[in-house]
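Asker: Sequence:
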Amino acid sequence: MPRDVAIPCALETVIESSLNAILMIDARGLILEFNPAAEAAFGYAREDMIGRSIESFIVPDPAREAERQRLLRFIQGERSTPGAIRVEVEGIARGGAVVPLEVTITGLEIEGA
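First residue of the sequence shown? That's 1 in UniProt numbering, and the numbers climb one at a time after it.
It should be emphasised that the hints constitute simulated quantities derived from the structure, not laboratory data.
Where is the CB? At the ideal position from N, CA and C, for every residue including glycine.
Any given hint could turn out to be false.
Stated by the list, open to error - Each pair of labels, with its calculated beta carbon distance range: (1) T104 with V5: 24 to 30 angstroms; (2) I7 with R28: 34 to 40 angstroms; (3) R3 with V99: 15 to 21 angstroms; (4) P100 with A27: 21 to 27 angstroms; (5) P36 with A6: 17 to 23 angstroms; (6) D61 with G95: 16 to 22 angstroms; (7) I105 with T13: 36 to 42 angstroms; (8) C9 with G43: 24 to 30 angstroms; (9) I7 with V98: 22 to 28 angstroms; (10) D61 with S17: 15 to 21 angstroms.
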């Protein structure tokens, strides 16, 4: 298998088999990928989450507003530091349960995307 095909296939396998919830989000904050671990953690099916805004299931908790804003600024491309950031926010699972989240975000630019 050529390298340019093997790497995307390997990456897809890692995302699909990860025990951690993995979401891929675009610069507008829309969900592009939602892996099986995310389905289990949040109770939503992948097909129901693709295209939804990440903001739609992050709890607007006043105590964590600074972290939430930091997360949203990073998604929109405002990066004060290179690499990844880690923030703590709360998410809303299916049925309304509040789920504490430790989110690590890494910015990537994908050619042609």
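Asker: Flag every earlier hint the structure violates by its number, smallest first.
Answerer: Numbers 2, 3, 7, 9 and 10 - these are the hints that the structure violates, sorted from lowest upward.
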